[in-house]
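*Asks:* Residue-level listing of the chains:
Protein chains: 2
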Amino acid sequence: MSDRQIKLVEVGPRDGLQNEQAIPVSAKIQLVNDLTAAGVSYIETGSFVSPKWVPQMADSGDVFAAIERKKGVTYAALTPNLKGFEAARAAAADEVAIFGAASESFSQKNINCSIAESLARFEPVLEAAKAANLKVRGYVSCVLGCPYEGDIAPEQVAWVAEKLFAVGCYEVSLGDTIGVGTPLKAQRMLATVAEKVPMQHLALHFHNTYGQALANIASCLPLGVRTLDSAVAGLGGCPYAKGASGNVASEDVVYMLEGMGYETGIHLPHLISAGQRICASLGQQPRSQVALAEIAKQSNH
Amino acid sequence: MSDRQIKLVEVGPRDGLQNEQAIPVSAKIQLVNDLTAAGVSYIETGSFVSPKWVPQMADSGDVFAAIERKKGVTYAALTPNLKGFEAARAAAADEVAIFGAASESFSQKNINCSIAESLARFEPVLEAAKAANLKVRGYVSCVLGCPYEGDIAPEQVAWVAEKLFAVGCYEVSLGDTIGVGTPLKAQRMLATVAEKVPMQHLALHFHNTYGQALANIASCLPLGVRTLDSAVAGLGGCPYAKGASGNVASEDVVYMLEGMGYETGIHLPHLISAGQRICASLGQQPRSQVALAEIAKQSNH
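As you go down the protein sequences, you meet chains A and B in turn. Per the UniProt record's numbering, residue 1 is the first one in the first sequence, and the count goes up by one each step. Per the UniProt record's numbering, residue 1 is the first one in the second sequence, and the count goes up by one each step.
Simulated from the structure, these hints should not be mistaken for lab results. Heads up, some of the hints might be wrong.
Heads up, the list lumps identical chains together, so a pair's fine if it works in one copy or across two of them.
Stated by the list, open to error - Taking lysine-lysine pairs in the DSS-like style, the calculated list, with each CA pair at most 27 angstroms apart, reads: (1) K83 to K52; (2) K196 to K7; (3) K297 to K109; (4) K196 to K130.
Go ahead and model the full structure; you've got the sequences and the hints to work with.
*Replies:* If you want it as structure tokens, here you go:
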């Protein structure tokens with residue numbers, strides 16, 4: 001990859017839709033196919049987790065079974081345990097992902113165990129993935145703030161990221177789960193983590209709850225990070241502030257990157273169309289300024 | 001001013017409200033008073049322009065007459081011609097502002113004359129302001145793109161900015177009128193203009209139409225710019241893309257700046273309340289992610 005190439009990890013079908021109302025499986029399949037057609041090379045397609053906890057993802061197996069796969073595109077799944085991993089394998093997911101929190105309180109309240117315990121719980125998944133020759137991606141949540149603890153020390157994030165990398169995650173995605181970060185804090189956090197995990201193995205996963213995501217990404221690009229997570233149409237609300245924005249919109253990220261001379265391989269008008277189609281299914285407007293501006297411009301002509 | 005101090009120019013009551021539906025004068029007065037109470041030190045309070053062109057600003061005189069002025073706060077007015085200037089003086093505006101475009105096509109289509117002609121037309125205003133000992137602020141529009149011409153050369157922006165500075169504007173505000181700019185272009189434009197006009201006399205006036213405003217501001221701060229225009233609640237749509245966002249929201253700017261260790265003198269919760277109150281008058285939601293997140297958080301508690 002050249003220094004101007006960015007790998008975009010599209011998390012709309014998983015991190016996005018799991019925080020939206022339930023929609024028919026056909027709409028999810030269409031979304032993944034639309035994203036593939038728009039040139040997205042990595043799509044987190046679903047999650048194999050108990051439908052008791054995340055009913056929106058109960059049909060992930062059906063989604064994986066029906067999508068049209070394109071060569072070179074990675075269709076990944078979140079797998080919190082061995083049962084989920086086996087289901088992901090049965091669905092022929094190309095990769096799987098596990099997650100840990102950078103905040104002890106968040107870990108306790110969210111999954112009812114300490115950070116160290118949560119990492120230990122993933123060991124069977126990591127072993128099974130290794131045996132099956134499947135790559136594993138790791139997420140760290142609350143890297144720029146926690147709804148219970150407030151500020152999180154960059155060293156704490158680095159500690160969790162290092163653990164995930166050490167147990168075999170090829171990439172660690174740093175999540176500002178509640179979208180409270182600002183540019184200098186984002187830079188400091190990324191720089192601190194990069195002392196423990198090489199930059200080419202790190203990704204940014206920023207939410208736009210406080211409107212800061214693009215500013216944070218722009219501020220971190222000079223540090224060398226080249227993998228970014230985003231969700232088409234800004235899918236996914238914020239579970240800790242209902243009505244607020246969730247994932248940064250892929251359209252807005254692609255627009256910014258293109259304007260800065262980076263290459264994403266994504267066709268922006270097709271990406272906007274993909275977002276419009278899924279938002280029609282959800283009965284809502286895209287949470288992407290680029291999409292809204294382009295739609296408004298077209299309707300004026 | 002220390003290097004960490006930012007001067008925020010609140011343009012909501014003028015640039016914002018002139019692009020919204022008409023509201024009662026009492027709501028405008030309340031807005032200016034609320035902004036004053038929130039600690040805003042510079043408020044563009046109205047515009048003295050023909051009501052044929054901008055009916056939303058027809059009552060600017062009444063606004064100026066009724067607001068409660070606080071010592072140290074500047075209440076400014078936009079004055080496109082001598083008649084407007086005299087009205088602004090009669091209203092006891094503290095400062096006035098004039099404007100030019102960086103795009104010839106925009107100047108022709110918007111005010112029906114060339115850029116050079118538009119600057120010449122402001123000479124009587126500048127002379128009258130000098131005689132009255134009133135400071136004049138200058139705006140340049142389309143600094144990062146034009147709806148008719150597309151890209152605008154940074155040198156063209158620098159040329160117009162230099163002209164406005166040379167004829168006596170103490171500050172030149174660089175406007176991304178249609179909000180299409182991205183970080184590196186914004187940096188390049190600002191750096192080019194700063195070769196002609198000293199940085200301490202420049203301001204950024206970015207719109208958030210494509211969601212890029214905060215990223216552009218964050219990218220320009222290291223260059224030394226310390227004056228930023230914004231509108232509470234992101235007031236003001238985009239006249240060239242109906243339904244799209246206008247001015248960057250003051251709440252989002254203040255949140256970012258505080259998170260970066262800059263001082264604005266503004267009390268963010270009061271600013272959010274000011275935005276909520278004017279949006280209630282307009283019957284719409286604030287176009288500020290920070291405001292939406294905070295409102296959602298409170299309604300969940």
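*Asks:* Can you give the numbers of the hints that this structure goes against, from lowest to highest?
*Replies:* Of the numbered hints given earlier, the structure breaks none, since each of them holds.
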